[in-house]
Amino acid sequence: MIGFDLTDEQREFRDLAHRFAEQTIRPVAAEADETEALPFEVLEKAHQTGLLSYQIPEAYGGGGVTSLLTRTLIDEELFWGCAGLGSTIGGVGLCVAPLTLVGTEEQKAKYLSRFCDPAKVTLGAFAITEPSAGSDAGGIRTQAKRKGDKYILNGTKTFITNGGVADIYVVFATQNPEEGTRGICAFIVEKGWPGVSFGAKEKKLGIRASQTANVILEDVEVPIENRLGEEGEGFSIAMRTFDITRTHVAAGGVGIARAAHEYALQYALERKQFNQQISRFQAISFMLADMATEIDAARLLVWRAAWLHDQGRPFTKESSMAKARAGDMAVKVTTDAVQILGGYGYIREYPVEKWMRDAKIMQIYEGTAQIQRLIIARQLVKAAVKKS
1 MIGFDLTDEQ REFRDLAHRF AEQTIRPVAA EADETEALPF EVLEKAHQTG LLSYQIPEAY
61 GGGGVTSLLT RTLIDEELFW GCAGLGSTIG GVGLCVAPLT LVGTEEQKAK YLSRFCDPAK
121 VTLGAFAITE PSAGSDAGGI RTQAKRKGDK YILNGTKTFI TNGGVADIYV VFATQNPEEG
181 TRGICAFIVE KGWPGVSFGA KEKKLGIRAS QTANVILEDV EVPIENRLGE EGEGFSIAMR
241 TFDITRTHVA AGGVGIARAA HEYALQYALE RKQFNQQISR FQAISFMLAD MATEIDAARL
301 LVWRAAWLHD QGRPFTKESS MAKARAGDMA VKVTTDAVQI LGGYGYIREY PVEKWMRDAK
361 IMQIYEGTAQ IQRLIIARQL VKAAVKKS
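The sequence shown begins at 1 in the working numbering and counts up by one.
Hints may be right or wrong, so weigh each one.
As a list, the in silico EDC-like pairs of lysine to aspartate or glutamate whose alpha-carbon atoms are at most 20 Å apart [unchecked claim]:
no.	residue 1	residue 2
1	K150	E230
2	K147	E190
3	K45	D8
4	K317	D328
5	K120	E41
6	K332	E262
7	K201	E31
8	K45	E12
9	K108	E231
10	K201	E36
11	K110	D149
12	K272	E262
13	K203	E36
14	K45	D117
15	K145	D117
16	K360	E36
17	K203	E22
18	K150	D219
Pair by pair, the computed Cβ-Cβ distance ranges are [to be verified]:
no.	residue 1	residue 2	range
19	T66	R378	27 to 35 Å
20	K382	I224	32 to 40 Å
21	T7	I347	41 to 49 Å
22	S388	G64	42 to 50 Å
23	S132	I347	48 to 56 Å
24	D15	E106	33 to 41 Å
25	N176	S285	55 to 63 Å
The set of hints was computed from the structure by calculation and includes no laboratory data.
No residue lacks a Cβ here, since even glycine has one placed at the ideal position from N, Cα and C.
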């Protein structure tokens, strides 16, 4: 049987992340949302605490947290604090994952160690989405032309979390668009290289504390030693990365929803109408009950996907289930939290409208809710055919 008791180490990491979210992130969350500015002082403190490098192996200076379940506990707390800052920190993990999965020893020693340098905050980004290739990752048009011992990259990546502020980018490009997914390669690209530039910071509905911008590549020379994996393996690397990071995102959705539910519950206990607490009205109490149930259900899907990863078992279907359910749940729960607060929920003095705006991205980035259902269906059919 599977138990639900956390290990001492898992509780320690969860509590560390919760204290950081409560004491460092939450006090600046509203201002960061209002000004749409990334508070670097929070990232500096996160770096000092080890929350920017906890998933990096100890051999390169990181925390060595290999358990995906433990990492999702951290994600839930960071997104409970602020989804924008959670996304910024998550951008590091999204960059680190492919490096850890397929990077050579030389690549890991050179780049993973930079995220762990105590003297400097180093951010990462994962650049696959393009103006004409969102859900269709195989349709990217950024070109990678081989020229001796280097590649020449040309193209534009869009909606890149940490775009412009990240120091290290994992960039996906195709050697031949006609080959579809088979022509895609992955590369490590550094900010500051000739030909690397960035578009204006996007103004977003939610997660405003994070920076999102285009990454523009114009005749960027990438040495062959900065290619991740072999030629043509880029799409596979991206999909393996998404299996992991979609579980992270799902945990973030749980964190946002939990924050909204906690606030709505406390409000319902204090708010009186018709001479009684509104929590005593069945209409409100049932909403609160449903919200709690949906949060727990999504969290269990996250834990199952993470547990399968930690056991070394396939978890593509389960990570997509967790991502789809948690994203939809976060939107519903935060919307209900606004409803419970009524008019107060609609004004910025109260945080629930921010959580509602933040939650929407959970249905979009790292694979839309519809794409997750497509992945789930394909996995079901694949398993059924295999049995027949």
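Now the hints, each set against the structure:
no., hint, in the structure
1, K150 to E230, "holds, 14 Å"
2, K147 to E190, "holds, 19 Å"
3, K45 to D8, "violated, 24 Å"
4, K317 to D328, "holds, 17 Å"
5, K120 to E41, "holds, 12 Å"
6, K332 to E262, "holds, 15 Å"
7, K201 to E31, "holds, 17 Å"
8, K45 to E12, "holds, 18 Å"
9, K108 to E231, "holds, 19 Å"
10, K201 to E36, "holds, 10 Å"
11, K110 to D149, "holds, 19 Å"
12, K272 to E262, "holds, 18 Å"
13, K203 to E36, "holds, 8 Å"
14, K45 to D117, "holds, 13 Å"
15, K145 to D117, "violated, 33 Å"
16, K360 to E36, "holds, 17 Å"
17, K203 to E22, "violated, 26 Å"
18, K150 to D219, "holds, 11 Å"
19, T66 to R378: 27 to 35 Å, "holds, 28 Å"
20, K382 to I224: 32 to 40 Å, "holds, 35 Å"
21, T7 to I347: 41 to 49 Å, "holds, 42 Å"
22, S388 to G64: 42 to 50 Å, "holds, 43 Å"
23, S132 to I347: 48 to 56 Å, "violated, 39 Å"
24, D15 to E106: 33 to 41 Å, "holds, 37 Å"
25, N176 to S285: 55 to 63 Å, "holds, 59 Å"
Figure legend: structure checked against the earlier numbered hints; hints not met, in rising order: 3, 15, 17, 23.
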